[in-house]
Amino acid sequence: MWNQDKSVLLSVVCTRVVMVLALALAVALPFLCSSGFFEHRALISPESIPLLMPVYYSFCVPAFIALIALDKLLGAVRRGAVFTPGNVRFLRIISWCCFAAALILLASSFVSVVFFVLAVLAAFFGVILRAVKNLFAAATQLKEENDFTI
Amino acid sequence: MSIQINIDVMMARRKMSAGELAERVGITPANLSILKNNRARAVRFSTLEALCQALACQPGDLLEFIDDDD
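Going down the list, the protein sequences come from chains W and D.
Going by the working numbering, the letters in the first sequence line up with residues 1 to 150, in that order.
Going by the working numbering, the letters in the second sequence line up with residues 1001 to 1070, in that order.
FYI, nobody ran anything at the bench for these hints, they're computed from the structure.
Be aware that one or more of the hints could be misleading.
Restraint-style ranges between C-beta atoms, simulated for each label pair [stated by the list, open to error]:
{"hint": "1", "chain 1": "D", "residue 1": "E1020", "chain 2": "W", "residue 2": "L23", "range": "55 to 65 Å"}
{"hint": "2", "chain 1": "D", "residue 1": "A1042", "chain 2": "W", "residue 2": "Y57", "range": "50 to 60 Å"}
{"hint": "3", "chain 1": "D", "residue 1": "L1048", "chain 2": "W", "residue 2": "A131", "range": "34 to 44 Å"}
{"hint": "4", "chain 1": "W", "residue 1": "F64", "chain 2": "D", "residue 2": "I1066", "range": "51 to 61 Å"}
{"hint": "5", "chain 1": "W", "residue 1": "A138", "chain 2": "D", "residue 2": "N1037", "range": "48 to 58 Å"}
{"hint": "6", "chain 1": "D", "residue 1": "G1026", "chain 2": "W", "residue 2": "L103", "range": "52 to 62 Å"}
{"hint": "7", "chain 1": "D", "residue 1": "N1037", "chain 2": "W", "residue 2": "Q4", "range": "53 to 63 Å"}
{"hint": "8", "chain 1": "D", "residue 1": "I1066", "chain 2": "W", "residue 2": "E144", "range": "15 to 25 Å"}
{"hint": "9", "chain 1": "W", "residue 1": "T149", "chain 2": "D", "residue 2": "E1064", "range": "39 to 49 Å"}
Counterexamples of contact, computed for chain D against chain W with all Cβ distances above 12 Å [as the list claims (entries may be wrong)]:
{"hint": "10", "residue": "N1006"}
{"hint": "11", "residue": "D1008"}
{"hint": "12", "residue": "M1010"}
{"hint": "13", "residue": "M1011"}
{"hint": "14", "residue": "A1012"}
{"hint": "15", "residue": "R1013"}
{"hint": "16", "residue": "K1015"}
{"hint": "17", "residue": "M1016"}
{"hint": "18", "residue": "E1023"}
{"hint": "19", "residue": "A1042"}
{"hint": "20", "residue": "C1052"}
{"hint": "21", "residue": "Q1053"}
{"hint": "22", "residue": "L1055"}
{"hint": "23", "residue": "C1057"}
{"hint": "24", "residue": "Q1058"}
{"hint": "25", "residue": "D1069"}
This structure is a prediction, so every number in the text was calculated from the model and none was measured.
Ideal Cβ placement from N, Cα and C applies to all residues, glycine included.
With these hints in hand, go ahead and build the complete structure from the sequences.
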């Protein structure tokens, strides 16, 4: 029977799978770039392919920080600690990571217009997460108020 | 300015333990501790009523307004 616990577990598994895939791509990227894997697949000119590595590696920094924060957030949700100041902090970190990723992608948009589209999407995610973070902060305050009403 | 809760005083007068009071009022000992230590943000009328009943006192015996400016 599908329930809330299994749903959270699925989210944890998805987060960790994305982490492993991102790490695997980071390891494989030099080989993929040198082997010509992207030449007919990526929407970038062949001379821009070597630029994929610095773009991806700089993108990896906020991405991994966000994934680790997401993993910890989901861990807290699994333990039943949902509306806590710690979770608000994790959401804030993820939101700022989205903005950082958007900046990196925006700066890399001279390589390909795809990065510009991804930058807009990352910024959009960042704004949404910021709103969710504000909601969580308000809910945490309400919960605290409720917990201390005897 | 603050509202002080004097449950300790009334408990001592009635010679009642925290566990017994919590049981009579119908709250957990942890919540009674929050009340006793003035960490509560609000008190429900139903809780106040139960406290007054258990300690045979008036709300004014349990709550005290302290003006910090004085």
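Status of each hint after checking the structure:
{"no.": "1", "hint": "D:E1020 x W:L23: 55 to 65 Å", "verdict": "holds (59 Å)"}
{"no.": "2", "hint": "D:A1042 x W:Y57: 50 to 60 Å", "verdict": "holds (52 Å)"}
{"no.": "3", "hint": "D:L1048 x W:A131: 34 to 44 Å", "verdict": "holds (38 Å)"}
{"no.": "4", "hint": "W:F64 x D:I1066: 51 to 61 Å", "verdict": "holds (52 Å)"}
{"no.": "5", "hint": "W:A138 x D:N1037: 48 to 58 Å", "verdict": "violated (26 Å)"}
{"no.": "6", "hint": "D:G1026 x W:L103: 52 to 62 Å", "verdict": "holds (56 Å)"}
{"no.": "7", "hint": "D:N1037 x W:Q4: 53 to 63 Å", "verdict": "violated (34 Å)"}
{"no.": "8", "hint": "D:I1066 x W:E144: 15 to 25 Å", "verdict": "holds (23 Å)"}
{"no.": "9", "hint": "W:T149 x D:E1064: 39 to 49 Å", "verdict": "violated (19 Å)"}
{"no.": "10", "hint": "N1006", "verdict": "holds (15 Å)"}
{"no.": "11", "hint": "D1008", "verdict": "holds (15 Å)"}
{"no.": "12", "hint": "M1010", "verdict": "holds (16 Å)"}
{"no.": "13", "hint": "M1011", "verdict": "holds (15 Å)"}
{"no.": "14", "hint": "A1012", "verdict": "holds (20 Å)"}
{"no.": "15", "hint": "R1013", "verdict": "holds (21 Å)"}
{"no.": "16", "hint": "K1015", "verdict": "holds (23 Å)"}
{"no.": "17", "hint": "M1016", "verdict": "holds (17 Å)"}
{"no.": "18", "hint": "E1023", "verdict": "holds (15 Å)"}
{"no.": "19", "hint": "A1042", "verdict": "violated (4 Å)"}
{"no.": "20", "hint": "C1052", "verdict": "holds (14 Å)"}
{"no.": "21", "hint": "Q1053", "verdict": "holds (15 Å)"}
{"no.": "22", "hint": "L1055", "verdict": "holds (15 Å)"}
{"no.": "23", "hint": "C1057", "verdict": "holds (17 Å)"}
{"no.": "24", "hint": "Q1058", "verdict": "holds (18 Å)"}
{"no.": "25", "hint": "D1069", "verdict": "holds (25 Å)"}
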